[in-house]
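Asker: Chain residues, written in single-letter form:
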Amino acid sequence: ETGVTQTPRHLVMGMTNKKSLKCEQHLGHNAMYWYKQSAKKPLELMFVYSLEERVENNSVPSRFSPECPNSSHLFLHLHTLQPEDSALYLCASSQGGQGHYGYTFGSGTRLTVV
Amino acid sequence: DAKTTQPNSMESNEEEPVHLPCNHSTISGTDYIHWYRQLPSQGPEYVIHGLTSNVNNRMASLAIAEDRKSSTLILHRATLRDAAVYYCILRDQGGKLIFGQGTELSVKP
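If you're matching them up, the sequences are chains A and B in order.
Counting with our numbering, you get residues 1 to 114 for the letters of the first sequence.
Counting with our numbering, you get residues 1001 to 1109 for the letters of the second sequence.
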């Protein structure tokens, strides 16, 4: 257990479904991140939240909608996804954006879109 | 974000030291050198980071060249559990963690 918990671990959803991924950290960190990792590709940064405010959205399609209700929780709401959205979705947190702080990652949600 | 260059893959024998190189010739003065590793079916795990001086922790050592244009992650005695993809990443003040392809390390018994 890393201190960052992601649920569910696995998710299979149809293209017309709506689902949400959840991430929780109790490390006292004030920045949280969503990454996507497709097969055989590097991690891609999707969203950055700092002090519960979204500070970055890396050209992510609107079918992915993040939400950060407080500094401990981060959600990724999914709707009308495509099969190419199947991937490992990773959440991470850090103590601010300063360069000398590391990130703590969760174990990820393995998403399959059918 | 400044780029890093790593070999795609490396092999090691169990219980031998492993030196994983990373080139970062465009590093700026405020960039920290971070190393993470990702075991199969898991999220990345922090290994070590440094700015100018060499660093040691319970997992590994980080040797940073004097001009900071390269660094080496040293695993002192590789075990089968060290087989993973190792990422070398430059992170500046306020910067994000941007991952490259990393080095896939395999460890032979």
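In short, the hints are calculated from the structure, not lab data.
Just so you know, even glycine gets a beta-carbon here, dropped at the ideal spot from N, CA and C.
Hints are supplied without guarantee of correctness; some may be wrong.
[Claimed, not checked] Chain A is nowhere near these chain B residues, computed Cβ spacing over 10 Å in every case: (1) PRO1017; (2) GLN1042; (3) PRO1044; (4) LEU1051; (5) SER1061; (6) ARG1077; (7) LYS1096; (8) SER1106.
[Claimed, not checked] Below, in silico cross-link-like pairs of lysine-lysine (DSS-like), each with a Cα-Cα straight-line distance of 25 Å or less: (9) LYS41/A x LYS1096/B; (10) LYS19/A x LYS1069/B; (11) LYS22/A x LYS1108/B; (12) LYS1096/B x LYS1003/B; (13) LYS40/A x LYS1108/B; (14) LYS41/A x LYS22/A; (15) LYS1108/B x LYS1003/B; (16) LYS1003/B x LYS41/A; (17) LYS1096/B x LYS40/A; (18) LYS1108/B x LYS1069/B.
Asker: Hint by hint, say whether it matches the structure.
Answerer: Right, here's what the structure says about each hint:
no.	hint	in the structure
1	PRO1017	holds (24 Å)
2	GLN1042	violated (6 Å)
3	PRO1044	violated (5 Å)
4	LEU1051	violated (7 Å)
5	SER1061	holds (16 Å)
6	ARG1077	holds (23 Å)
7	LYS1096	violated (6 Å)
8	SER1106	holds (16 Å)
9	LYS41/A x LYS1096/B	holds (18 Å)
10	LYS19/A x LYS1069/B	violated (45 Å)
11	LYS22/A x LYS1108/B	violated (37 Å)
12	LYS1096/B x LYS1003/B	holds (13 Å)
13	LYS40/A x LYS1108/B	holds (22 Å)
14	LYS41/A x LYS22/A	holds (23 Å)
15	LYS1108/B x LYS1003/B	violated (30 Å)
16	LYS1003/B x LYS41/A	holds (17 Å)
17	LYS1096/B x LYS40/A	holds (21 Å)
18	LYS1108/B x LYS1069/B	violated (30 Å)
In this structure, the earlier hints numbered 2, 3, 4, 7, 10, 11, 15, 18 are contradicted, and the remaining ones agree with it.
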